[in-house]
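Undergrad: This is what each chain is made of:
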Amino acid sequence: MSLSPEIAFEQHRERLLSVIYLRMGPNLRVRMDPEDVLQEVAIEAVNSWKTLSDEHNAGAWLVTLARRKVARILRDQLGVAARDPRREHAIKTDLPLADRRSGPVTHADRKDRLELLEQAMERLSEDHREVILGMKIEGLSAKEVGERMNRSENAVHLLLSRALKRLAEELKL
Amino acid sequence: MSDATRQNDEGPFEDGVDATDHRMAEVLRGSSSGADLRKQLQDDTTAAASDLLARLNALDFVQQVVGAPTDVPSRIGTYRIKGVLGRGGMGTVYLGWQDELEREVAVKVLAPAFSSDPTMRKRFRAEARATAALHHRHIVPIYDYGEAAGVLFFAMERVDGMSLDKHIAAARRVDKVPLEPLDAARRFAGVADALGLAHRRRLLHRDVKPGNILVAQDGTLALTDFGLAKALDHASMRLTSKGGGFLGTLHYSSPEQALGRELTPASDLYSLGVTIYEALTGELPLAGKTTEALLQSILHGTPRRLRDAIQKPPRDLEAVVDKLLMREPGDRYQDGEDLARDLQRIADGEPVHIRRLPMHVRVWRRMRKNPVLSGAIAAAVVLLLLTMVLLTVLRRERGQGLVFRHQEHLVTIAKAIATERGAPGGPPALLLALTGVEAPPMPANPEIVQELQRAAAEQPDDEMAPKMLQAFVDDPATQATAFLAAGRGYEALRELDRAIAAAESARQSGELAIELQLHRLYLARAVANLTAAVGRPNEATRDLALASYLRPGATFATSLLDVLNLVQSSDFTKEIAGLERDLAAAAPERLRVLGALLWAVAGLRPLERANLMDFALPFPRRHAMHALALRWLGEEPANCRRSGQPTGLSAILAASCREALARLHEPESVKVLAQNTTEVIESAVHPESPLQGWRFVMQMLLQPGRTVLVDRDQRPVAPEMQLAAWDDLLRLSPPRTTLELWLPRFEELRLANPALPGIARVAAWMHVQAHSPNAAGLVQAWLVDAEGDPEAWLCRLRLRLRSGQIDDARDDAVMVVQQSVATRAAVQEVLRCCQEAQAEVVADKSDEVRQLAQRFEGMLPVLGQAAGGGR
Chain A
1 MSLSPEIAFE QHRERLLSVI YLRMGPNLRV RMDPEDVLQE VAIEAVNSWK TLSDEHNAGA
61 WLVTLARRKV ARILRDQLGV AARDPRREHA IKTDLPLADR RSGPVTHADR KDRLELLEQA
121 MERLSEDHRE VILGMKIEGL SAKEVGERMN RSENAVHLLL SRALKRLAEE LKL
Chain B
1 MSDATRQNDE GPFEDGVDAT DHRMAEVLRG SSSGADLRKQ LQDDTTAAAS DLLARLNALD
61 FVQQVVGAPT DVPSRIGTYR IKGVLGRGGM GTVYLGWQDE LEREVAVKVL APAFSSDPTM
121 RKRFRAEARA TAALHHRHIV PIYDYGEAAG VLFFAMERVD GMSLDKHIAA ARRVDKVPLE
181 PLDAARRFAG VADALGLAHR RRLLHRDVKP GNILVAQDGT LALTDFGLAK ALDHASMRLT
241 SKGGGFLGTL HYSSPEQALG RELTPASDLY SLGVTIYEAL TGELPLAGKT TEALLQSILH
301 GTPRRLRDAI QKPPRDLEAV VDKLLMREPG DRYQDGEDLA RDLQRIADGE PVHIRRLPMH
361 VRVWRRMRKN PVLSGAIAAA VVLLLLTMVL LTVLRRERGQ GLVFRHQEHL VTIAKAIATE
421 RGAPGGPPAL LLALTGVEAP PMPANPEIVQ ELQRAAAEQP DDEMAPKMLQ AFVDDPATQA
481 TAFLAAGRGY EALRELDRAI AAAESARQSG ELAIELQLHR LYLARAVANL TAAVGRPNEA
541 TRDLALASYL RPGATFATSL LDVLNLVQSS DFTKEIAGLE RDLAAAAPER LRVLGALLWA
601 VAGLRPLERA NLMDFALPFP RRHAMHALAL RWLGEEPANC RRSGQPTGLS AILAASCREA
661 LARLHEPESV KVLAQNTTEV IESAVHPESP LQGWRFVMQM LLQPGRTVLV DRDQRPVAPE
721 MQLAAWDDLL RLSPPRTTLE LWLPRFEELR LANPALPGIA RVAAWMHVQA HSPNAAGLVQ
781 AWLVDAEGDP EAWLCRLRLR LRSGQIDDAR DDAVMVVQQS VATRAAVQEV LRCCQEAQAE
841 VVADKSDEVR QLAQRFEGML PVLGQAAGGG R
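Quick note, the sequences are listed as chains A and B, same order.
In this text, residue positions in the first sequence follow the working numbering: the first is 1, and each later residue adds one.
In this text, residue positions in the second sequence follow the working numbering: the first is 1, and each later residue adds one.
Treat the hints as calculated values from the structure; they're not laboratory data.
Bear in mind that the values here come from a model prediction, so they are computed numbers and not experimental data.
Take the hints with a grain of salt, since some may be wrong.
Claimed, not checked - A partial selection of chain B residues facing chain A, derived with a Cβ cut-off under 8 angstroms: (1) 21; (2) 24; (3) 28; (4) 49; (5) 54; (6) 55; (7) 59; (8) 62; (9) 63; (10) 64; (11) 66; (12) 84; (13) 157; (14) 160; (15) 162; (16) 411.
As the list claims (entries may be wrong) - Using C-beta positions, here's what the derived DEER-type ranges look like: (17) 71(A) to 642(B): 45 to 55 angstroms; (18) 40(A) to 574(B): 23 to 33 angstroms; (19) 836(B) to 119(A): 48 to 58 angstroms; (20) 119(A) to 808(B): 15 to 25 angstroms; (21) 119(A) to 337(B): 56 to 66 angstroms; (22) 42(B) to 31(A): 41 to 51 angstroms; (23) 50(B) to 119(A): 14 to 24 angstroms.
C-beta atoms are modelled at their ideal positions from N, C-alpha and C, and glycine is treated no differently.
All chains, please: the whole structure from these sequences, using the hints.
TA: Structure representation (structure tokens):
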């Protein structure tokens with residue numbers, strides 16, 4: 001295999017951090033830094049690299065690792081299987097998305113955008129949030145999201161289309 | 001989610017699923033392209049179109065957060081692109097595939113900012129050619145270089161592994177040392193040998209650091225990016241000004257490099273020394289939290305010994321590292337091969353004989369610290385040594401006691417100057433040059449002047465005291481200061497470069513008088529670099545660090561440095577908190593100076609005669625800086641220009657362009673105006689300053705049909721500069737008819753460079769002012785990009801008023817006022833906007849506009865009282 005876990009991780013870093021950040025939610029972020037979770041995912045990726053069957057799937061595989069990691073932490077820390085937005089209230093945290101490669105401006109920019117996205121997503125319905133998360137952030141296929149949400153591929157695309165409309169409204173785009 | 005809405009999402013045939021949903025779903029499915037759809041929607045003003053556009057924008061937003069996968073081109077030159085290996089300040093490295101040789105390659109594509117400059121392209125080609133000729137096991141070979149789709153790239157061997165800096169970071173996270181000493185010695189021997197080969201070919205690397213060393217799977221180290229630093233030097237200054245990347249490379253730069261001096265092979269070896277040190281310990285031998293501190297540490301600090309960082313390092317290895325990190329280039333290894341030989345011997349367990357300097361030389365070196373830059377306090381010591389010489393001369397003629405007393409007297413004065421708390425406003429001309437704020441003259445400290453006069457009188461044979469007196473009182477470069485006061489930073493810069501070179505060469509003697517002069521010269525040059533006519537913030541930071549080192553008590557240099565740190569810091573809130581702690585006991589004048597500088601940097605409503613460069617900061621940060629400045633100043637400074645109005649030198653250039661615009665029907669006078677303006681730009685504007693934009697505005701006015709803008713060497717202009725020109729043009733508020741004529745040409749630029757920073761704003765205004773049907777979509781796009789900038793709301797307010805959407809316009813007007821720091825001024829902007837719209841709307845809407853204006857006008861008296869408080 002020519003792709004190393006470090007490189008695969010670097011390639012998908014932004015995506016992984018977004019997944020972790022959004023899946024964690026504000027309550028958990030107060031207790032744990034998403035960047036630390038990202039580090040743990042990186043270590044896990046290096047350790048279990050051999051279990052990856054095809055390096056073309058590295059992105060999806062890493063996202064799965066990240067999702068499982070967050071789910072485990074949620075269970076251990078909050079005692080819930082998944083996040084329930086009604087029981088949480090947004091607490092603004094200062095997330096250090098430290099990234100040695102990008103300058104402070106892009107860094108601040110990305111952080112602000114992620115924060116904005118999170119706040120807008122908070123106000124979407126569960127289904128809308130799930131479809132955006134699955135398709136556009138975790139990068140799953142319509143088939144996979146459809147299976148997860150019990151819908152046809154066609155319906156997933158339509159759902160995403162409407163979810164984007166709502167997101168645009170929330171983001172005032 | 002309720003059952004009713006779930007139904008709607010369930011399938012394509014339920015009620016409530018409309019054509020828009022389907023159309024967007026097509027794009028999401030990938031069966032039609034988002035970019036095509038966007039193009040089709042450009043001229044569509046229906047609700048469905050704006051709905052679709054909003055969905056596309058939302059999609060873009062999400063993709064920006066995640067890091068858009070569309071970033072990756074499918075092909076570069078003859079290489080098929082398979083993935084991204086890494087991204088850095090200089091560009092992106094892709095994993096490529098070369099079909100004819102069936103091999104993987106790494107393709108490094110330089111960032112567009114580097115590719116757009118013709119000089120740089122030439123240098124890049126020269127360097128790539130030279131490097132391609134270097135064949136060494138520890139240099140990553142370059143296979144090919146070229147240009148594709150306007151960007152420069154080179155293909156090199158694909159090294160399966162990671163860069164050394166990532167390896168170091170990974171080790172640091174798990175609290176391990178990155179490399180074991182003997183292992184490191186063996187691996188770096190190869191790198192040293194590679195540098196030796198390059199140096200024999202008269203090639204310097206110039207940027208040796210862990211990020212430029214690749215670690216292969218088997219642990220072999222290989223150098224990459226040879227000579228790139230030289231090729232990119234020119235642009236990297238501009239580029240890093242936004243990313244604040246200056247510190248990154250300063251960590252590994254030798255003292256001579258930090259000072260911007262001529263480099264030698266020993267400079268590369270110094271950087272390799274820092275790299276080896278970091279690879280052994282995970283830490284840097286010299287550290288500093290700020291640029292200034294780091295620079296001081298590099299120039300004057302003593303590197304941490306290896307034995308203080310790791311346990312029991314091999315003695316010989318420690319000696320080798322010590323020798324590499326010597327401050328004087330002459331004391332280091334001169335040749336990569338010698339270093340390689342020593343490292344290899346250490347790895348093999350054989351003894352190494354490193355010649356150490358004789359004891360008295362080491363003591364002398366430590367005592368005078370750095371001969372190229374001895375600080376004012378160190379200067380007092382040097383002065384003592386110099387007066388010893390003086391002593392032998394004078395001793396013959398006068399009583400010893402007198403001479404001793406004179407000498408002690410001078411040392412006391414030197415110490416007093418070194419620790420003097422300088423005037424907060426510094427030389428008033430410099431503050432004036434940046435902010436346009438006139439400060440009262442600041443006479444030199446009268447007590448010190450008196451002491452110097454007394455010293456000069458007590459020993460008429462000694463020249464030192466009069467020289468010190470002169471340097472303390474006089475401006476070393478009056479001509480340059482005059483230029484600066486007029487905001488003509490580029491002309492001042494040329495004078496100052498000369499003066500600094502002269503002072504530096506005279507400095508070998510270490511005279512305090514020259515140090516005093518240099519402080520003023522560095523400070524002035526920093527100011528020159530920060531003017532709009534030059535615009536090189538990294539150069540300014542370095543000069544300020546040097547200036548404040550020479551006289552730590554001079555508050556103007558430190559204040560300016562504080563403001564620059566604030567601009568470049570990644571953690572703004574923390575930086576402000578730190579600064580406020582420092583300022584708790586500061587004099588009110590210092591706060592006023594800081595406030596004026598910060599106000600000018602924020603630039604939301606620039607001061608009338610401000611000449612400060614534009615830092616292109618995102619709106620939220622400018623807003624925060626503006627609020628902070630307002631707090632320090634106590635009230636809004638007098639004579640603020642409406643935002644977007646040119647100030648300083650820019651205002652002068654704008655005035656002549658405006659006149660040309662008014663006389664478009666008299667081609668002869670436009671020609672004369674153009675000639676004069678171009679002459680002013682030639683002499684007063686740095687070739688890289690955005691003020692060059694006015695040159696192109698004139699070209700547009702002169703030949704409205706012209707399609708290609710050219711610089712003074714008749715070369716086509718980079719997109720960034722073209723955008724600056726369009727932006728400048730808008731500031732002249734040209735009539736709608738003229739803008740309509742120009743719009744197609746602007747569209748060419750926009751469609752060719754959709755991601756150019758700042759283009760959203762210019763595009764929105766262009767289309768709104770030209771009454772284009774695309775205005776709504778573009779304003780919308782800007783609002784997404786603007787991060788709450790009230791100007792974007794103002795733009796939409798303008799558009800909505802004109803199209804008679806008065807209710808929506810009211811919301812925008814409220815946003816304009818809410819988002820602005822200076823509420824009163826914002827209300828006035830809204831009123832102006834209403835006034836302009838009155839002339840354009842149909843009669844029945846005119847009343848509604850008037851009512852809206854009246855409501856906002858009603859706020860003014862209330863605000864009038866509040867504005868005075870300012871807090």
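Undergrad: Broken hints, numbered, in rising order?
TA: When the structure is compared with the hints, numbers 4, 13, 16, 19 turn out to be violated.
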